[in-house]
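Chains as they are written, first to last, in the working numbering: chain R, 22 to 349; chain P, 7 to 276.
Any given hint might turn out to be false.
What the hints assert, rightly or not - Label-pair restraints from in silico Cβ distances:
| hint | chain 1 | residue 1 | chain 2 | residue 2 | range |
| --- | --- | --- | --- | --- | --- |
| 1 | P | T137 | R | A133 | 38 to 48 Å |
| 2 | R | T154 | P | P253 | 28 to 38 Å |
| 3 | P | W131 | R | E120 | 30 to 40 Å |
| 4 | R | P239 | P | R162 | 47 to 57 Å |
| 5 | R | Q343 | P | P49 | 54 to 64 Å |
| 6 | P | A56 | R | P253 | 29 to 39 Å |
| 7 | P | A75 | R | T104 | 30 to 40 Å |
| 8 | R | S247 | P | R181 | 53 to 63 Å |
| 9 | P | Q139 | R | P239 | 18 to 28 Å |
| 10 | P | K104 | R | Q343 | 17 to 27 Å |
Please keep in mind that the hints were generated in silico from the structure rather than gathered at the bench. For glycine and all other residues, C-beta sits at the position ideal for the given N, C-alpha and C.
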Amino acid sequence: MTQNRTRGARADAPRALPSPNPARGRARTARRPRKPGRFLPALGRFSLFALPGLLAYTLFVLVPIGMTGYNSLTNLNPFNPPTQFVGLRNYVNLLSDAEFHQALLNTVIITAIITVLANVGGLLIAMLLDRPTKLYVLLRGVFFTPVVLSSVVISVIWQAILTDDGLLNSALRGLGMDEPPGWLSDPDLAIYSIAWIMAWQMLGFCVVVYLAGLQGVPRELNEAASIDGAGPLQRFRNVTWPMLAPALTINVVMLLITGFKAYDQVRVITNGGPGNGTTVTMAFQVVQTAFVSNRIGYSSALAAVMLAIVAFISVVVLRFLQKREVSQ
Amino acid sequence: MNARPIVATFVGVVFFLPLYLVLVNIFKPSAAVVADPAGLPFPPTLDNLAAVLNRPDHLFTFGLINSIAVTALSVTVLTVFSAMLGHYLARSRHWAAKVVMGTLLCGLMIPVPVIMAPITTVLKWFDLMTTLQGLVLVNVGYYVPFGVLLFMGFVRGVPLELEEAAALDGANRFRVFWQVVFPLLRPASASVMIFLGVWIWNDFLTPLIVLGPDSGTTVTVGVYRAIGQYQSDFGSVFAFMFLATLPILVFYLALQKNFVKGLTGGAVKG
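Just need the whole structure built from these sequences, with the hints factored in.
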């Protein structure tokens, strides 16, 4: 067996390891009937090197995606058999599901807020910290720390601060405010608190990516613009900002996706409340419907819609922003 | 221009306040946390930390062991699997490789909640639900696309001539990979290990569902379980969080240079 494999590797080495220059690899084997000779070694290597990773990926991502798609067309509920094929009924029901509309709205609110806040804040702070001395390097670390922490930990910290008798309201009462806001208990306010917490955590990510972008702006460009009489604002608009286009692309796409899959913060801090689902996000509704109400079929339809939105963002927004990069 | 260090320090301090509150209140008795949350802990007490370590339900200690086992195992397997798959995909010109690449790219953007329910079904087929092995396998499957993508970029930087030379010298595919290619991929391995180590340690939904409510859980889920019990005893909660975060923070700080480099390397065209 080992013998065989060794000989095989030696025999097809030039072919099995395709070179960037195809003529070189082909020279010796061009006249041979190519099809089986090319296909089989490829498959052989395929099974050896690609299979373990692919198998796990197939079992725990591809198969589940297929199952989500199929289940979304059924009324699957493990505690309420029999399971029937219901066609698109789950999707039709979604259209008139008030909780789904609320979840969609909440998700859009969170996504919009964190995308804007973390990007604007991240850019400003990156420009502030764009100096090589020790102080600024230390501050970069400060801003990046929450990115490394678990969103569960971040949620618990902010819950302790924002809860009704929490650290912030104690301080506000100390300052003489009689009825400080219920940051997490006011149904109109809670969703914005959640968004704020997520933006705080993601800020450091934006800072680091913008800093990397800023360090890629050639000093000569700014000097040249300066000699030509451009003020700081003009230099930013016409020199720095266009050079930051790739950084903006990464940050926007990353934050949009983070916003659309928001789950941990809601689960830990408000569990969907206060009131009737005022902080329920799409991801939260998907999980609750599947694991609390056991309506797997309906949950799968929700999941499919969520996936479609995330895919749309990933592909369309990415394309749009990348086109913007190229045109500059 | 001279205002920059002052403004920068001020913004940094305000940003850091929540973390400062955690750090000081770990070392205060409960009464002091409520009375004076922002003050420095004098005299400091280690009661909160000791209480977490000596919990009668071992929520922390067992969680820590589980987290270390799951993270170490997942990251090791992921590094090897995605290096092999990434190497294959970067070198192969077979049509199947392109198809696989496309499928993996799609997998990068799938949020966990979308596939959580079917994942439990698949785990039940193999009787792996509520087991650490099951959690490791789910992690491997879910994070493989990220690892592959990172490795592919690095494999392209390894000269093909090295592999050809080794093959001509009689090394079989495994030796070519293990003794020539894999050692050259060390920077990529470091990035993959740091990224995935931090992510897997911090994961919440996957261990919450896969390990279930009855069996032991990871420290991160432990934090979530602990807040329900402590109610508003912030000192204890913070102590639990601090101890749960410490290992991964040390791991991260030890390899930090690679992490930030990996985060932006190749991502931003300079």
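Each hint, compared with the structure:
no.	hint	in the structure
1	T137(P) x A133(R): 38 to 48 Å	holds, 40 Å
2	T154(R) x P253(P): 28 to 38 Å	holds, 31 Å
3	W131(P) x E120(R): 30 to 40 Å	holds, 32 Å
4	P239(R) x R162(P): 47 to 57 Å	violated, 26 Å
5	Q343(R) x P49(P): 54 to 64 Å	holds, 57 Å
6	A56(P) x P253(R): 29 to 39 Å	violated, 54 Å
7	A75(P) x T104(R): 30 to 40 Å	holds, 37 Å
8	S247(R) x R181(P): 53 to 63 Å	holds, 57 Å
9	Q139(P) x P239(R): 18 to 28 Å	violated, 52 Å
10	K104(P) x Q343(R): 17 to 27 Å	holds, 20 Å
In the structure shown, a violation is registered for the earlier hints numbered 4, 6, 9, in ascending order.
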